[in-house]
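S.K.: Here's the letter readout for the chains.
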Amino acid sequence: MNALQYEAPNTVKKAVALLAKANGKAKVLAGGTDLLVQLRAKMVSPDLIVDVKKIPQLRKITVGRDGRIRVGAAVSGAELGEHARVSEAYPGVVEAVELIGSTQIQGRATAIGNLCNASPAADSVPALIAAGAVCTVVGPNGERQVPAEKIGVSPGRTSLAPGEFVVDFVLPARKPRSADAYLRMIPRTEMDIAIVGAGVNLSLDGDGVITEARVALGAVAPTVLLVEEAGRALVGGKLDDAALQRLDAAARAACRPIDDKRGTITYRTKVAGVLARRAAAIAYERARSKR
Amino acid sequence: MTKYHVNTSINGEPTEFLCEPQETLLDVLRDTLGLTGSKEGCASGDCGACSVIIDGRLVCSCLVLGVEAEGHEIGTIEGLAQGAHLHPLQQKFLEEAALQCGICTPGFLVAAKALLDANPNPTETETRYWLAGNLCRCTGYDKIIRAVMDVAAEMRGA
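Going down the list, the protein sequences come from chains W and L.
So that you can map any letter, position 198 of the first sequence is 198 in my numbering, and since no number is skipped, the others follow by simple counting.
So that you can map any letter, position 32 of the second sequence is 32 in my numbering, and since no number is skipped, the others follow by simple counting.
Honestly, the hints are just simulated from the structure, not real lab data.
Keep in mind that the hints are not guaranteed to be accurate.
Just the calculated beta-carbon pair ranges, DEER-fashion [as the list claims (entries may be wrong)]:
hint : chain 1 : residue 1 : chain 2 : residue 2 : range
1    : W       : R68       : L       : E96       : 27 to 35 angstroms
2    : W       : M43       : L       : N7        : 42 to 50 angstroms
3    : L       : G12       : W       : R68       : 48 to 56 angstroms
4    : L       : D117      : W       : P155      : 32 to 40 angstroms
5    : W       : E82       : L       : M149      : 50 to 58 angstroms
6    : W       : D240      : L       : C101      : 52 to 60 angstroms
7    : L       : A84       : W       : V274      : 52 to 60 angstroms
8    : W       : E212      : L       : Y4        : 27 to 35 angstroms
List of simulated lysine-lysine pairs, DSS-like, C-alpha gap at most 27 angstroms [as the list claims (entries may be wrong)]:
hint : chain 1 : residue 1 : chain 2 : residue 2
9    : W       : K14       : L       : K3
10   : W       : K54       : W       : K25
11   : W       : K42       : L       : K3
12   : W       : K290      : W       : K175
13   : W       : K290      : W       : K261
14   : W       : K42       : W       : K290
15   : W       : K290      : W       : K150
16   : L       : K3        : W       : K13
17   : W       : K21       : L       : K143
18   : L       : K3        : W       : K27
19   : W       : K13       : W       : K238
20   : W       : K14       : W       : K150
21   : W       : K25       : W       : K150
22   : W       : K238      : W       : K261
23   : W       : K150      : W       : K60
24   : W       : K54       : W       : K27
25   : W       : K238      : W       : K290
26   : W       : K42       : W       : K54
27   : L       : K3        : W       : K54
28   : L       : K3        : W       : K25
It should be emphasised that the depicted structure is a prediction, and the values quoted were computed from it without experimental measurement.
For each residue, glycine too, the CB sits at the ideal point set by N, CA and C.
From just these sequences and the hints, can you work out the full model?
M.R.: Below you can see the structure in the form of structure tokens.
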């Protein structure tokens, strides 16, 4: 093994060059709240750490004239939570990111890091997927756009090719009467890993009829799931009891969870339906109040 | 192993040090700079005993590399007291016996200072959530929370 090297490039181009040269033996460092633990546990032993926090565009949140919100890969959870426009447009994404760890972790951890760590129980990921977040991925072959649901492929593994990294994610411009919500189930009140997480993102028409719906579930399968059937169960109505029952059934049908000390298969599956309904109710109320 | 030369500021003092890339800021503070007030509990960001403030943000120094400190301002527990004058939080922790073995105490004090800097009038619930990343295995949390709430009230009155 070669001696570990550290580089903190100040442009994306330099970061791409460093990662390409490292031949797959490099790790990208943003907040470091997962990477440092993995380094210490010798779960990873890179030759090179590429710290991306000195790249100015990765440290920024930009709201475009078209209303799209671009969040750099090195923006911490605390910084995201303090951004009024993001909280107003995507309260579900913000509440999900803010559930990652303690105040100390929030000071460093990033949403993109949470996504690229590829834990099926990652709190921010169902919310990002429900919100329709699209990641900008760069690498030796240039740039490509990847929807958040296509990043994780199995626990701890992503679809990123060697040398690729995520520079930011973009949240779509908010339509009128649209909002999202995220809920998770943990056995404690704080500082724990989700048994189930549910993100719901809704758009309504002027009469309160749901016109678009995206539902994503965490911790009930090897990856966070975009449950299209659950979204379809909501479209065309006003979130009445029948729609909520359809949502519950579709959410449960999508679950392929593990049995472990945190929750059994039966429990996780049942809770997935319950949380999907509750998150939908919160998103619906938020969307209605924006009318 | 390559050593990296890092320029930083610690408790307002310009500080430079050499470190290896895998060394954490906590390693550097304790082993290179002799600032042993920050404690290593879990070394995985769960317990908060190593809490420091970087550019105004509360973080676990066990989850920051020493090299990442380049160009940033670090605040540690050693910067809390002004000479012989304890910070009001330190004074109150003593008066109200908000500690027993003391290992978690520097982390709690740094985290509580960050809380009061950000929010001089926290509710008890806000204080409990803010300090959820600091673990104490002997006193329990009630005395700590009470001490922080009392200091907040006193500092607002001052």
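S.K.: Which of the listed hints are not met by the structure?
M.R.: 1, 2, 3, 5, 8, 13, 14, 15, 17, 19, 22
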